[in-house]
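Participant: Join the two chains into one complex using the hints; note that each chain is given alone, in its own frame.
In the order they appear, the protein sequences are chains A and B.
1 is the number of the first residue of the first sequence in full-length UniProt numbering; add one for each residue after it.
1 is the number of the first residue of the second sequence in full-length UniProt numbering; add one for each residue after it.
You can trust all of the hints, since none of them are fake.
Per label pair, the in silico range of CB-to-CB distance: (1) B:K135 x A:L119: 52 to 58 Å; (2) B:L136 x A:K99: 38 to 44 Å; (3) A:L106 x B:H106: 43 to 49 Å; (4) A:K31 x B:K135: 20 to 26 Å.
Derived from the structure by calculation, the hints contain no laboratory data.
Glycine included, each C-beta is placed from N, C-alpha and C at the ideal position.
Residue-level listing of the chains:
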Amino acid sequence: MSGKNMEEKVEQATDRKNISLPMSRVRLIMKSSPDVSCINQDALFLTTKATELFVQHLALSSYKNGSGKETNTLSYSDLANAAEESETFQFLTDILPKKILAREYLKSLEEMEKVDDNL
Amino acid sequence: MDGDSSTTDASQLGITGEYMAGSHFVLAQAPEDEGDEGLDDHEDGNGSKDNLREQDIYLPIANVARIMKNAIPQTGKIAKDAKECVQECVSEFISFITSEASERCHQEKRKTINGEDILFAMSTLGFDMYVEPLKLYLQKFREAMKGEKGINTVTVTEGMGEELTDETFTNPLPAGIITADGQQQNVMVYTTSYQQVR
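Extracted from the complex, chain B is given alone in its bound form (with noise of 0.2 Å):
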């Protein structure tokens, strides 16, 4: 997947002024962030800007208020607080839904959370009417990320336990198996196809 420049900069992460101790700060509106920014794994330079606290970071307000106001019928308003509070309320529920995930992946001894550590999350939160339309959703996502990546990809499924099951070969082996030099010792198979979550 391409990184494009991970957002490091302080002054864009959509940290409004109220919750930053101090005036030294900078208050600036994150620019409108549409879709995938990428996954690369920047650190968090924190260069000349003040230290973030963690508890502030928050996901950019405009694209929160859209998904708000296309919740609402037409004619509702939202007021100005209630969108900041709900900007709150997305980054504890992020933080909810990753701590038991999180905790449920220390248990299983894996250092990864992944997709189904998520949806377990879920459904023990309380948030199980959103697990079978998120199955759709990531199903959907795949095709597009398979699409964008061209015919002789390999994607290294994380998550599908930490060895290599027998269930893991039993679909179709695609154009890209590796082996060792040759030989049949470890034969490991990296599958693009998409496994069902269970």
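So that you can see chain A by itself, here it is in the shape it has in the complex (with noise of 0.2 Å):
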């Protein structure tokens, strides 16, 4: 996303406040951190804009890596790759992570305890 770009969705804004996202709601999400206090009306109106900004941000970097891929629908996995993939998203890779076969998950176990009889 570039900062061009960025310019012209906040000048493009008819809403007066702009948000889409409901701020008491965030502002739960907010205290259940641990060691919150108390959040002012800036901090929280950030956040909540900040939300907004980093889901277009996810959806739109992970459609475009999906999208080489000759599909025009985001799945899971493009999330996944994602996070795994962008230094920026890679706070994500623990909820998101990547799904592998029974099989393929069985053969690294085997291959695991090859290496710890070696030892």
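Facilitator: Structure (structure tokens):
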């Protein structure tokens, strides 16, 4: 997402407050972090707005990455790939594990056991 | 700001049944929430609903899905599990930013997380590209809020630092000056103007 694109989006905003996510819900999530006491209004707004930008960013990045495989559907694995490949989205790798076939997992387990045996 | 009835009813919080243990929880999709719902300080009353696990709080999937849809090319589609997945990623993102901002706050011995903390956290965590657009959005938001409140508004600008510095006095003083019983001892100036986030 280029800076210029974002500028255009800001200019196009017709809704005065221009948010489409519920701030009270964002606040709930923020407060569930440990040791968070007070959140001022600016901080709440910025977090809410940043979250929108994040959704756009994640969706578009993942989609673009995936569309090289000739699909026009954004799938879970597109998201998982984005998390692994992009430094920005790396914090998501824990909650976006790549799905592997069971037999591949079992195979890799066997190989790990072989290594242990050899030690 | 008007506080409307904040949603503490768990069934309206967009918690999908799959994430909750047990079948006694009633699944309901959250009603579409548009815009600002108010910033009142309700405690969560658990009432008759089961305790919410903190990690199960998500933003309404309809809103999230709509933002995703508008971001990708028009012909694109989004798989259902991708929408749910982004919903989770979003909560993760919010927590990610918040803990970083909260840590900085604690280091500086402040109790309130302010806008600057959030922007700093974003920079630190690799979301630097959001910072400039966010500042613009914040400006517009503040203008919108000012318009709503009317002329004689006095807003405490939290997060300008625990102590008012000389800089806060350089702006022309608006109508809402509060002095301590007529004497000029400790003049507290509350300004509605937006101070540049440094």
